[in-house]
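> Now for the letters of each chain:
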Amino acid sequence: GAGVSQSPSNKVTEKGKDVELRCDPISGHTALYWYRQRLGQGLEFLIYFQGNSAPDKSGLPSDRFSAERTGESVSTLTIQRTQQEDSAVYLCASSPVMVGELFFGEGSRLTVL
Amino acid sequence: GESVGLHLPTLSVQEGDNSIINCAYSNSASDYFIWYKQESGKGPQFIIDIRSNMDKRQGQRVTVLLNKTVKHLSLQIAATQPGDSAVYFCAENSGGSNYKLTFGKGTLLTVNP
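So the protein sequences, as listed, match chains A and B. For our numbering, count along the first sequence from 1 and bump the result up by 27. For our numbering, count along the second sequence from 1 and bump the result up by 47.
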């Protein structure tokens, strides 16, 4: 499709397990973002990738969180040793420019039991 | 710290009425603002944006007003329809080359038929 694609759409895991969330941005979009959205809350910035520049990881809440991006394509967000407070919707967005409209995916809903 | 906030967490209107959703921001360096609409279970969808060199911008049935003096942003929806029911977020870019959008907590708009 033409939009941002995220998988899985839903993930239920046990506390202490690792999870990987995937994002396929819109082709040609150089900027890619990960945001976290807790139930009934706004979006919390996690990490930003722009081309081949070093990513901005300033929003990652702990060292259990990491993300990678292959060139200007797929990104994976990894959460190690998941905790219940990690339960949220993880949203990926891409943009063709550094400052401008973000195009969001449908999100990956993570539930940690 | 700097933050984006909303005056009204919920808004209920009758179909056909006009809706006004308000947002206050505290970072005077912010120069780009976006309104997003998020329907249940979906990612945020771009509605309209405005840069700080403007005080009004119109789209289809929507108008964004920016008052930099009091750091206030509003989204006006004309002839509100049931399909407009969603959570609306304002987001700000805090100036210069800052690529991070800071989101408010959102306003839930409910349109009654």
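Each hint should be verified, as a subset may be incorrect.
[Unchecked claim] Below, in silico cross-link-like pairs of lysine-lysine (BS3-like), each with a Cα-Cα straight-line distance of 25 Å or less: (1) B:LYS147 to B:LYS103; (2) A:LYS38 to B:LYS89; (3) B:LYS115 to B:LYS152; (4) B:LYS118 to B:LYS103; (5) B:LYS103 to B:LYS115; (6) B:LYS152 to B:LYS103; (7) B:LYS152 to B:LYS118; (8) B:LYS147 to A:LYS84; (9) A:LYS84 to B:LYS115.
[As the list claims (entries may be wrong)] Sample of chain A residues at the chain B side, in silico, Cβ under 8 Å: (10) ALA58; (11) GLN68; (12) GLY69; (13) LEU70; (14) PHE72; (15) PHE92; (16) LEU118.
Don't read these hints as lab results, they were simulated from the structure. Cβ coordinates follow ideal geometry from the N, Cα and C atoms, glycine included.
> Going through the numbered hints above, which ones does this structure break? Give me the numbers in ascending order.
9, 15
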